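Colleague: Same order as they appear, the protein sequences are chains S and U. Residue numbering for the first sequence follows my numbering, starting at 1 and increasing by one per position. Residue numbering for the second sequence follows my numbering, starting at 1 and increasing by one per position.
One thing to keep in mind: the hints can contain errors.
To be verified - Derived contacts from chain S toward chain U, CB cut-off under 10 Å, selection only:
hint	residue
1	Ala86
2	Leu89
3	Asn148
4	Gly173
5	Asp206
6	Asp211
7	Ala212
8	Gly217
9	Thr242
10	Thr259
11	Gln280
12	Phe281
Claimed, not checked - Now the in silico label distances, taken between C-beta atoms and shown as ranges:
hint	chain 1	residue 1	chain 2	residue 2	range
13	U	Asp409	S	Thr249	36 to 44 Å
14	S	Ala45	U	Gly45	34 to 42 Å
15	U	Asp290	S	Gly73	53 to 61 Å
16	S	Leu296	U	Ala36	37 to 45 Å
17	S	Ile146	U	Val72	29 to 37 Å
Stated by the list, open to error - Computed, partial: chain U to chain S, Cβ under 10 Å:
hint	residue
18	Arg107
19	Asn193
20	Lys194
21	Glu236
22	Gln240
23	Ser388
24	Gln399
Think of the hints as simulated: they come from the structure by calculation, not from any bench. Given the structure is predicted, the values throughout are model-derived calculations rather than measurements. Each residue gets a CB set at the ideal place from its N, CA and C atoms; glycine is no exception.
Below are the chains, spelled out letter by letter.
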Amino acid sequence: MVAERAGVGAVAEAAARRPGRPFPRRPRGGSRAERLAPFVLLAPAVLIIVVLRLWPLALGVNFSFTGDGDRNGTAVGLDNYATLFADPLFRTALRNVGLLVLLLPAAVAIPGLLATFIHLRVPGHRVYRGVYFFPAVLSPVIVGAIFNLLLAHDGPLNAVLGAVGLGPVDWLGDPDVAIFAVVGVHVWATFGMALVVFLAGFSALDPSLLDAAVVDGASFPQTIRHVIVPGLSRTIQFVFVTTMIGMLTSMFGLLLVMTGGGPEGSTYLPEYYIWVQQGQFNQPALASAASTALFLIMLVVGLAQIAVLRRAGREGR
Amino acid sequence: MKQRAPWSAAVVLGLALASGCGSAAAPGPSGGSGDALVVWDWKSGDADAAAYLDKAKADFATRHPDVDVEFVAQPFDQYYTLLGAAIQAGRGPDVMLFNGGGQLRDRVDALVPLDEYVDQDRQRLSGWEAFTRDGKTYASPVTLQGHPLYYNKALYEQAGLDPEAPADTWDDFVGDCGAIAGRTGATCFGVGNKEGIGIQFFLSAMGSAVLTPAEYDDWIAGKRNWSSPDVKRIFELWEQVGDAGLNNDGINSTAMFNDAFALFQSGKAAHVIGLMSDIGHWKDFAEFLDRDDVGVMAAPVVNPAATPSLPYDGGIGYAVAKWTRDPEVAADLVRSLTSSEALKAFHADAGAIASDTTIDVSAGGPAVTAITAAIRTGKPALHVALSSRTLDLMGRLSQQLVSGSATVDEAVAQLAVSDAAG
Numbered sequence: 001m002v003a004e005r006a007g008v009g010a011v012a013e014a015a016a017r018r019p020g021r022p023f024p025r026r027p028r029g030g031s032r033a034e035r036l037a038p039f040v041l042l043a044p045a046v047l048i049i050v051v052l053r054l055w056p057l058a059l060g061v062n063f064s065f066t067g068d069g070d071r072n073g074t075a076v077g078l079d080n081y082a083t084l085f086a087d088p089l090f091r092t093a094l095r096n097v098g099l100l101v102l103l104l105p106a107a108v109a110i111p112g113l114l115a116t117f118i119h120l121r122v123p124g125h126r127v128y129r130g131v132y133f134f135p136a137v138l139s140p141v142i143v144g145a146i147f148n149l150l151l152a153h154d155g156p157l158n159a160v161l162g163a164v165g166l167g168p169v170d171w172l173g174d175p176d177v178a179i180f181a182v183v184g185v186h187v188w189a190t191f192g193m194a195l196v197v198f199l200a201g202f203s204a205l206d207p208s209l210l211d212a213a214v215v216d217g218a219s220f221p222q223t224i225r226h227v228i229v230p231g232l233s234r235t236i237q238f239v240f241v242t243t244m245i246g247m248l249t250s251m252f253g254l255l256l257v258m259t260g261g262g263p264e265g266s267t268y269l270p271e272y273y274i275w276v277q278q279g280q281f282n283q284p285a286l287a288s289a290a291s292t293a294l295f296l297i298m299l300v301v302g303l304a305q306i307a308v309l310r311r312a313g314r315e316g317r
Numbered sequence: 001m002k003q004r005a006p007w008s009a010a011v012v013l014g015l016a017l018a019s020g021c022g023s024a025a026a027p028g029p030s031g032g033s034g035d036a037l038v039v040w041d042w043k044s045g046d047a048d049a050a051a052y053l054d055k056a057k058a059d060f061a062t063r064h065p066d067v068d069v070e071f072v073a074q075p076f077d078q079y080y081t082l083l084g085a086a087i088q089a090g091r092g093p094d095v096m097l098f099n100g101g102g103q104l105r106d107r108v109d110a111l112v113p114l115d116e117y118v119d120q121d122r123q124r125l126s127g128w129e130a131f132t133r134d135g136k137t138y139a140s141p142v143t144l145q146g147h148p149l150y151y152n153k154a155l156y157e158q159a160g161l162d163p164e165a166p167a168d169t170w171d172d173f174v175g176d177c178g179a180i181a182g183r184t185g186a187t188c189f190g191v192g193n194k195e196g197i198g199i200q201f202f203l204s205a206m207g208s209a210v211l212t213p214a215e216y217d218d219w220i221a222g223k224r225n226w227s228s229p230d231v232k233r234i235f236e237l238w239e240q241v242g243d244a245g246l247n248n249d250g251i252n253s254t255a256m257f258n259d260a261f262a263l264f265q266s267g268k269a270a271h272v273i274g275l276m277s278d279i280g281h282w283k284d285f286a287e288f289l290d291r292d293d294v295g296v297m298a299a300p301v302v303n304p305a306a307t308p309s310l311p312y313d314g315g316i317g318y319a320v321a322k323w324t325r326d327p328e329v330a331a332d333l334v335r336s337l338t339s340s341e342a343l344k345a346f347h348a349d350a351g352a353i354a355s356d357t358t359i360d361v362s363a364g365g366p367a368v369t370a371i372t373a374a375i376r377t378g379k380p381a382l383h384v385a386l387s388s389r390t391l392d393l394m395g396r397l398s399q400q401l402v403s404g405s406a407t408v409d410e411a412v413a414q415l416a417v418s419d420a421a422g
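Could you put together the complete structure from these sequences and hints?
Modeller: So this is what it looks like as structure tokens:
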């Protein structure tokens, strides 16, 4: 033990003598209170994470391997997962996740483009900034109710279409249209936050680059392509990932109010599927399996986020 | 950072390998105490239910003055989700409100059979069947829920039809609908099938006009022949009604509550398959239409071998949780909640057709008189006999029938499989 301590001391001394280090590190082995202090300070955060995050997660995963109904409490292996992937509704939900990923560029481009206009000070840009952000403070339930009225078969949007000679569209009743209507409303309701992030990104953009583009006679599309997009690459990547996570986890309220998963189950998303299995069909174990599947999807998205941000950080240096 | 991703995956894998133990619905200790009962419902926040609850509480207090009762009103759209969480935790209300049928039958493991406590109420109340599973009763009915075919007598008059003699055969009915559409612009039916409820109401309202009495009884008894021509005829009728333009436009994006009912109330639809408990019923309609213009008619006969009848079951009812400390006291509260005095108040204020059919409803007007007269010969509703899962599937298939993306044969085949699975 003495030899061990001597070894530790030698390493500490060597570290303290390392060239380039402005101050020598304090030798380890201070008072007991000092050694315990970091653990004490970390303990509340660790406890919260373990008790409120990891433990419920573990329970959820555990439940997903037990049965529902008559088999309640018994281990059923992967039965719930087999049921899940045999269920056309869950497969539709997964397909819709893929669709959301495909629609992602539009969801990022809209706030990006509008932020560009605001940054370039189009007339009334201050008003637009507030107007664009306003829906972000509305509850999804309110947004859904508003658009239920606007998109009703006999609603004002179809009245306008009828007035210009276009037939009515069953926005929320046509299975080929409804998912796009819901995603469109979600983008409308949430792009304000992305807009703010873009505006923050613009504030860090060197204005001399934009001035140089003007002097060189660059058109607006050329300015966007060669100046704004490269200059905001880290912001764009951040908005991309956060918008994707928002689409996968925050559309439940809107979905519930606007379509209830219909028509024909065409607007199901994993979150809504979980709610139906748990709340309507009293199948908590199957819902847990679906939750675990959603967690794994989010894990993949999260790892992609880490990879993207790491790459962005490397490029930014 | 690089090492965090494998660690995350390892945690998930470890959890998966160590899982499979325990239960999603572990039993737990009682949620109530000996001198207090907690009741969950979605009614006690309504002004229309205030007098009903006051009467029930007063009745219970005379028998158990030392027991406090607390009503907790939950939002209906989240009610069964919250109840499911309470059941899984083994903690929750002592007494809880249920819709009759699948919602209760799916959860009887968490309930106390009430047969020994409610024997004295058997004859006085109707609608027990909807709260029964495997021969045991798990709740006492408060209201009756059914699906009368309401019609607008004013539109009949405008169309030159006799409002007191609506059609009694399907062909005559379609002819009358043509006359109404031509002279008033109103559609035949106001339908909302956004949540798949429209098909449930249609199945039950029209079923007795299509199935023979024997087929009807077999269906209720669980012997459902989904490939029989008469069963298929109901779904064909649903499809044809849409194709013939008898419904309002966009029924797959129209909510039954309250958009479809609004079409009827505003005179844009001549008929609606409504309810008879405390919403979407004669009293709601009479707030906008003249009370005497709200008519109730029997389903027009589609199959000459059929005998139309009012489809109805127990509507809502109170059950007792198995974790309550004293089931007898909790059952006494259920009895108070279904006492005649309380139910009289619920009918008077909310317009519900109460489970106690001895209550005087003569002040309710002609629609109520017609409904209560039909109760004597009524039968359980067809859709209530189906499981929640089959109803959910039927809702989606009915939307496909409307859009043309499924055929009737495909629909009944899928329903047969789901029904067989239970």
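Colleague: Given a cut of 10 Å on the nearest C-beta pair, is the interface hint for Gln399 (chain U) held or broken against chain S?
Modeller: holds, 5 Å
Colleague: Range first: 37 to 45 Å. Now tell me if the beta carbons of Leu296 (chain S) and Ala36 (chain U) are that far apart.
Modeller: holds, 44 Å
Colleague: Would the hint on Gly217 (chain S) be counted as holding, given a Cβ-Cβ threshold of 10 Å to chain U?
Modeller: For Gly217 (chain S), the interface hint is violated, since the closest Cβ of chain U sits about 44 Å away, which is over 10 Å.
Colleague: So, as I understand it, the hint says Gln240 (chain U) touches chain S; can you test that by seeing if any CB pair is closer than 10 Å?
Modeller: Where the cut-off is 10 Å and the nearest Cβ of chain S is about 19 Å from Gln240 (chain U), the hint is violated.
Colleague: Interface hint check: Phe281 (chain S), Cβ to nearest Cβ on chain U, cutoff 10 Å. Holds or violated?
Modeller: Where the cut-off is 10 Å and the nearest Cβ of chain U is about 6 Å from Phe281 (chain S), the hint holds.
Colleague: Given a cut of 10 Å on the nearest C-beta pair, is the interface hint for Leu89 (chain S) held or broken against chain U?
Modeller: Hint on Leu89 (chain S): holds, closest Cβ of chain U at ~8 Å, below 10 Å.
Colleague: Would the stated hint for Thr259 (chain S) survive a check requiring a Cβ distance to chain U of less than 10 Å?
Modeller: holds, 8 Å
Colleague: Tell me if the interface restraint on Thr242 (chain S) is satisfied: Cβ within less than 10 Å of some Cβ in chain U.
Modeller: violated, 19 Å
Colleague: May I ask you to test the interface hint for Glu236 (chain U) with respect to chain S, counting a Cβ-Cβ separation under 10 Å as satisfied?
Modeller: For Glu236 (chain U), the interface hint is violated, since the closest Cβ of chain S sits about 19 Å away, which is over 10 Å.
Colleague: Please check whether Asp206 (chain S) passes as an interface residue: C-beta within 10 Å of a C-beta belonging to chain U.
Modeller: violated, 29 Å
Colleague: Falls inside 34 to 42 Å, the C-beta gap from Ala45 (chain S) to Gly45 (chain U)?
Modeller: holds, 40 Å
Colleague: Using the nearest Cβ pair, does Asp211 (chain S) come within less than 10 Å of chain U?
Modeller: For Asp211 (chain S), the interface hint is violated, since the closest Cβ of chain U sits about 38 Å away, which is over 10 Å.
Checked against the numbered hints given earlier, the structure breaks hints 1, 5, 6, 7, 8, 9, 21 and 22 and satisfies all the rest.
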